[in-house]
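There are 2 protein chains.
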Amino acid sequence: MAGGGEHRVVIVGGGFGGMLAARGLAKAPCKVTLIDRRNFHLFQPLLYQVATGALSPANIAAPLRSILRRNKNTNVVLGEVDGFDLVAKTVKLRDGAAVPFDTLVVATGATHTYFGHDDWAGLAPGLKTIEDATEIRRRILSAFERAEREPDPKARERLLTFVVVGGGPTGVEMAGAISELGRLTMRNDFRAFNPRDTRIILVEGQARVLGTFHEKLSAYAINALHKLGVECRLDCHVVGIREGRVEVKADRPGAEVTAIPTETVIWAAGVKASGLGRLLADAIGGVTTDRPGRVAVNPDCTVGGRPDVFVIGDLASLKGVDGKPLPGVAPVAMQQGEYVAGVITARLKGDTSPARPFKYWDKGSMATIGSAKAVAETNGLRLTGYIAWLTWLFIHILYLARFENRVLVLWQWFFNYVTGNRAARLITGESAGRPEDPHRGVPPGEAVVKA
Amino acid sequence: MAGGGEHRVVIVGGGFGGMLAARGLAKAPCKVTLIDRRNFHLFQPLLYQVATGALSPANIAAPLRSILRRNKNTNVVLGEVDGFDLVAKTVKLRDGAAVPFDTLVVATGATHTYFGHDDWAGLAPGLKTIEDATEIRRRILSAFERAEREPDPKARERLLTFVVVGGGPTGVEMAGAISELGRLTMRNDFRAFNPRDTRIILVEGQARVLGTFHEKLSAYAINALHKLGVECRLDCHVVGIREGRVEVKADRPGAEVTAIPTETVIWAAGVKASGLGRLLADAIGGVTTDRPGRVAVNPDCTVGGRPDVFVIGDLASLKGVDGKPLPGVAPVAMQQGEYVAGVITARLKGDTSPARPFKYWDKGSMATIGSAKAVAETNGLRLTGYIAWLTWLFIHILYLARFENRVLVLWQWFFNYVTGNRAARLITGESAGRPEDPHRGVPPGEAVVKA
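These protein sequence lines map, in sequence, to chains A and B. Per the working numbering, residue 219 is the first one in the first sequence, and the count goes up by one each step. Per the working numbering, residue 219 is the first one in the second sequence, and the count goes up by one each step.
Accuracy of the hints is not assured; some may be wrong.
As the list makes no split between identical chains, a pair holds if one copy fits it or if it spans any two.
[Unchecked claim] With a straight-line Cα cutoff of 30 Å, these simulated DSSO-like cross-link-like pairs (lysine-lysine) come out:
id	residue 1	residue 2
1	K537	K567
2	K537	K490
3	K542	K346
4	K490	K434
5	K290	K445
6	K581	K542
7	K245	K581
8	K346	K467
9	K290	K372
10	K310	K290
11	K434	K467
12	K567	K445
13	K537	K577
14	K567	K307
Derived by calculation from the structure, the hints in this document are not laboratory data.
Turn these sequences into a full structure, and let the hints steer you where they fit.
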């Protein structure tokens, strides 16, 4: 796969970390191979907008080949990695192929976990892939369609109740977006019920939403969500998800289990690292992974005693200068991608001195709550409301891959902002033609087989 | 479902015919119910652009509810019709519901047929639904991805060969678009082969492509396709489709069956009317359907002796003033939709005189061959090349539902025209993560289960 005696860098994963690492090596004297099982880079922070019909999948996904087309030293391989041979120094693909490397960068990120309740997956899909987003979109829109035709008020109420599990940025953004979809976008669309009857319940285990933000911002978010008609159940855990209902239990002694009748549950809670982390740790030996399965890395993002193996992004477990573990967010992955590209380039140029440790520059974090409302904080400075939303909008457009998508997304946001419309409200996929089919109890395997 | 003694008009199908009929009845003194199994109106003429990654599904689909949101007398029902009771005057839905009507308009259109070879469906998907388009997109893009990793030159050649069956507008447009996708859009994307090696073969049973157009335009199209590297096999029929090859036979005595090695076949040949046509004809009794299954209608688009039942669009079989059967194209469906809306409105206003027969105003027809090339003819006048393409572009933007989509599509076309880029090049759906999986031999049922 590599030409001549050229140094071969293999990057596994085309997310923020892997993509930035590949870009950083564009001019380095090496042969780069980027392996991903998808043919596109996905801008996950905007996935919830696909799930709520505001954007189309292609607006937030850019083909890896076209992102890297000008990197003549780079090869994109569409394939699924299922192991590592650190003696032969190859990456094993599911189809049996072995990709040899001199330096390996693993950046396969994380997915969601149901804390051992994998049987919930079919009933409460998470939001990590394009397929997840279009499946959630299908379920939300189908629930409204079924409500329009449901004569029984109780059943209709259940169809118009949406439960979002997890009060982090994704959960807050989903809850706000579903509310606007039902109450604003589709306000004139139905005849049998009033869209204002739409009920959105956000279930969060902690005492506040957006737990990683300052209390003031959490309070603002709760208030903003309330204005959007989103009920927040704090200090409250999901103890069961069954057909037609979610069972929650308040986080205090003697609390009863209460059932929320609903047909649509969205999982925005647990995060679990890609299984390749554990595989890699075992292959190297003596390397630990933390509870979510992230690989403990050295300060220079190498793993164990292997200077030729890097792990970055959501798959890596590394403490920041403050001693706190770095958060699993895009900026960390991007900076680590650029960092390892620099370390590798320096080595290739003969620099034998040990690399300076990776240092995360925290530019701050933000979350939106419906259109025109958001919270943002960047060391010390805290923003809320319209100004925070504009900041959020600007940053997200800025980091979106491809100029074309920036224009498309901006236009659709502008249109959405002015008219409240969301153009991508399509019910597509397997049982799309059958709104009356209960979509409940879809086994996990099938849950991703949607348009 | 209807209020009081109000006259109930039920329209089955939200395509061009059904949508125009519903719009035409917006101010009529009746209660309108539009039933469709999808929640959106699809602009089928641009489906091939979704299949080749130029546009996103949502760009050519508009939610029926938002199209008709201002028609306060109109009810949109998401459901699948599976029969008619013309005595009780109800439309039967798959979920058991019965929708009563006083006047019925059936406009469920047509789909493609394999002329009795239904086993070809999985190997050669047709292009009628969003799912068809994203599945074809997945197959085309996956073929290029697999070619990039295929060491065997013969196998790679097979992966880079695309066969389009049928030389009508859809076939011609698909062939041209695949050629531009491989040779222009992705020209810098691959390392293991030269995109110019992409081979596109258009198989047509007649002596020329675009058979409904003037000979001069057919000749122009052949020439334009040739310049795009598309080989046209005329007077040639497909006699077999198997894993890895298409078998064709020239249309002359003693011709041999020749096999074209390919992994990707697209079906743009036969057209078959919706099965509801036959069901309706039987329910009425004494009504004939033609070979493609279209219902023979009276000059006013009513069926048999039933003045209260209309069939329009691709599902209707009606002769024009010239005695030739009207073509199965969008303009006929749209004009018939407006026409029946007028007939129904007149009746509701007490007009008892027999309706004047439907008269199709043929504004002409057009087809594009890659960007900046097209053919168009409108009675007598014939256009080719750039000017025809601009006409095509203008007309299509004009008829596209929703202002927002017009802007989105125009922008993407502009960008595509200037840079050759196609933003929506996503491999999504079931086996998306597994490019090495042979996608061949997918049973028809599964063939639509894609993102």
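Hint-by-hint comparison with the structure:
1. K537 to K567: Within one copy, since 29 Å is at most 30 Å while 78 Å is not.
2. K537 to K490: Cα proximity of K537 and K490: one copy only (18 Å, versus 64 Å across).
3. K542 to K346: within (25 Å within a copy, 54 Å between copies)
4. K490 to K434: within (29 Å within a copy, 63 Å between copies)
5. K290 to K445: between (52 Å within a copy, 29 Å between copies)
6. K581 to K542: within (16 Å within a copy, 70 Å between copies)
7. K245 to K581: Classified as within; 27 Å inside a copy, 56 Å across copies.
8. K346 to K467: Answer is within; shortest intra-copy Cα gap is 26 Å, inter-copy 48 Å.
9. K290 to K372: between (61 Å within a copy, 26 Å between copies)
10. K310 to K290: Result: close within a single copy only, 24 Å intra versus 60 Å inter.
11. K434 to K467: The answer is within: 26 Å in one copy meets 30 Å, while 75 Å across copies does not.
12. K567 to K445: Neither: 57 Å inside a copy, 47 Å across copies.
13. K537 to K577: Classified as within: same-chain Cα gap 10 Å, cross-chain 76 Å, threshold 30 Å.
14. K567 to K307: within (22 Å within a copy, 82 Å between copies)
Hint 12 from the list above is the single one not met by this structure.
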